[in-house]
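*Asks:* Listed in order, the protein sequences are those of chains A and B. First residue of the first sequence? That's 215 in the working numbering, and the numbers climb one at a time after it. First residue of the second sequence? That's 4 in the working numbering, and the numbers climb one at a time after it.
Hint data in this document are derived by calculation from the structure and do not stem from the laboratory. It is possible that some hints are incorrect.
To be verified - Straight-line distance between alpha carbons at most 30 Å, and here's what the computed DSBU-like set of lysine-lysine pairs gives:
hint	chain 1	residue 1	chain 2	residue 2
1	B	Lys-25	B	Lys-71
2	A	Lys-271	B	Lys-71
3	B	Lys-40	A	Lys-223
4	B	Lys-40	A	Lys-271
5	B	Lys-45	A	Lys-223
6	B	Lys-61	B	Lys-25
7	B	Lys-61	A	Lys-228
8	B	Lys-74	A	Lys-271
9	B	Lys-61	A	Lys-271
10	B	Lys-74	B	Lys-60
Stated by the list, open to error - Partner residues are not named here, just some residues of chain A that face chain B (Cβ under 7 Å, in silico):
hint	residue
11	Pro-253
12	Phe-320
13	Pro-322
14	Gly-323
15	Leu-326
16	Thr-327
17	Leu-329
In this text, all values refer to a predicted model and were calculated from it rather than measured experimentally. For every residue, glycine included, the Cβ atom is placed at its ideal position computed from N, Cα and C.
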Amino acid sequence: NAGVTQTPKFQVLKTGQSMTLQCAQDMNHNSMYWYRQDPGMGLRLIYYSASEGTTDKGEVPNGYNVSRLNKREFSLRLESAAPSQTSVYFCASSVRSGGSTDTQYFGPGTRLTVL
Amino acid sequence: GENVEQHPSTLSVQEGDSAVIKCTYSDSASNYFPWYKQELGKRPQLIIDIRSNVGEKKDQRIAVTLNKTAKHFSLHITETQPEDSAVYFCAASRNNNAGNMLTFGGGTRLMVKP
Numbered sequence: 215n216a217g218v219t220q221t222p223k224f225q226v227l228k229t230g231q232s233m234t235l236q237c238a239q240d241m242n243h244n245s246m247y248w249y250r251q252d253p254g255m256g257l258r259l260i261y262y263s264a265s266e267g268t269t270d271k272g273e274v275p276n277g278y279n280v281s282r283l284n285k286r287e288f289s290l291r292l293e294s295a296a297p298s299q300t301s302v303y304f305c306a307s308s309v310r311s312g313g314s315t316d317t318q319y320f321g322p323g324t325r326l327t328v329l
Numbered sequence: 004g005e006n007v008e009q010h011p012s013t014l015s016v017q018e019g020d021s022a023v024i025k026c027t028y029s030d031s032a033s034n035y036f037p038w039y040k041q042e043l044g045k046r047p048q049l050i051i052d053i054r055s056n057v058g059e060k061k062d063q064r065i066a067v068t069l070n071k072t073a074k075h076f077s078l079h080i081t082e083t084q085p086e087d088s089a090v091y092f093c094a095a096s097r098n099n100n101a102g103n104m105l106t107f108g109g110g111t112r113l114m115v116k117p
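Throw the hints in and build the complete structure from the sequences for me.
*Replies:* Below, the structure is given as structure tokens:
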């Protein structure tokens with residue numbers, strides 16, 4: 215099993231450009247998450263998807279959109295990138311949809327720089 | 004919402020000494036407390052977790068304690084080794100029907116000097 219994979223690993227954008235970060239998991243997990251990690255800080259939840267077909271806002275959703283394409287894939291889109299979105303983005307997944315507290319497994323991250 | 008504070012932000016110890024990292028949380032409904040280790044340029048990896056129905060959990064050289072009344076939990080690493088050097092994050096979450104929404108502390112950079 216590859217676990218949680220993310221593409222691309224690195225990306226440089228100009229202000230105002232758009233892009234989509236891809237995430238996939240092969241562990242048959244129901245829940246998936248997007249976090250951002252700024253230098254010297256902890257991770258902050260952007261959006262999550264408790265199950266296929268559902269998405270909800272996390273702590274810092276402004277400027278982002280998500281799509282739960284199917285059970286395996288959860289993408290994060292920046293419609294008009296801003297320098298404040300320069301960060302490392304991590305995708306994660308966990309087994310169950312809710313009513314429980316499951317381990318989250320993280321992908322390797324995407325390092326995004328917005329000029 | 005939940006707020007998790009973590010101390011200290013940096014910790015330097017001699018190889019073989021113990022290290023303790025402390026976290027406090029604000030939401031009394033939180034019932035799951037994982038600890039992640041993140042090496043430079045790598046993904047966070049779970050090292051230990053504790054649920055609110057227990058007060059302590061051990062796994063070889065690492066242990067976590069939880070005080071629900073005081074709303075704080077701690078990570079203890081004994082006999083530290085240079086490979087323990089990393090950033091450690093605590094987190095807290097509670098049961099809900101929308102998945103496991105973790106709130107992370109700000110991290111502790113642990114340096115183990117050989």
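*Asks:* Among all the numbered hints in the text so far, which are the ones the structure does not match?
*Replies:* 7, 9, 11, 15, 16 and 17
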